[in-house]
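Enquirer: Sequence:
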Amino acid sequence: MATKRSAWQLLEGHAYSATVDGRVSVGLGFAADDPYAVHLIVSADATAASCWVFARDLLIAGLTGTAGQGDVLVGLQPGGTVVSVVLRNGRDVLGIDLPRLPLCRFAADMLAIVPRGREGGYVDLDAELRSLLA
540 MATKRSAWQL LEGHAYSATV DGRVSVGLGF AADDPYAVHL IVSADATAAS
590 CWVFARDLLI AGLTGTAGQG DVLVGLQPGG TVVSVVLRNG RDVLGIDLPR
640 LPLCRFAADM LAIVPRGREG GYVDLDAELR SLLA
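Going by the numbering used here, the final residue of the sequence shown carries number 673, and the count climbs one at a time with no gaps.
Note that these hints are calculated values from the structure, not bench results.
A couple of the hints might just be wrong.
Stated by the list, open to error - Cβ-Cβ distance ranges computed for the label pairs, FRET-style:
id	residue 1	residue 2	range
1	R627	A587	16 to 22 Å
2	C643	R669	18 to 24 Å
3	V559	R669	21 to 27 Å
4	C643	Q608	41 to 47 Å
5	V621	S670	36 to 42 Å
Given the structure is predicted, the values throughout are model-derived calculations rather than measurements.
Note that beta-carbon positions come from the ideal geometry of N, C-alpha and C, so glycine has one too.
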């Protein structure tokens, strides 16, 4: 049987900003070959999307409290069923409220693929260095 190397989760959320207030589709991705990162893809319609990459530990910490500073903040809302992700690009701010349960399942999948503290075993630092120097 093949070893699972990635996790994906699609869900609906509510986005809000100075110019946006409505439903969005959100995709979350994780791959063992980039074990420290989560990819979050946000789309309000089928024609445009934006992708944010941030630390998986930030997402995990935000499932039970508040985590992050700067461009990405993740925090559990009162009541415990909604997690807010706040994205800042230096000019605009977008908040996205997401249901906590699918995020917890996604986090469990990530940790099953690459357990905490084992990330370094999934990164080929020599290959990364060669690509930077090429």
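Enquirer: Now, for every hint given, state plainly whether the structure supports it.
Expert: Verification of the hints:
1. R627 x A587: 16 to 22 Å: holds (19 Å)
2. C643 x R669: 18 to 24 Å: With a Cβ separation near 38 Å, C643 and R669 fall outside 18 to 24 Å, so the hint is violated.
3. V559 x R669: 21 to 27 Å: violated (42 Å)
4. C643 x Q608: 41 to 47 Å: violated (23 Å)
5. V621 x S670: 36 to 42 Å: holds (40 Å)
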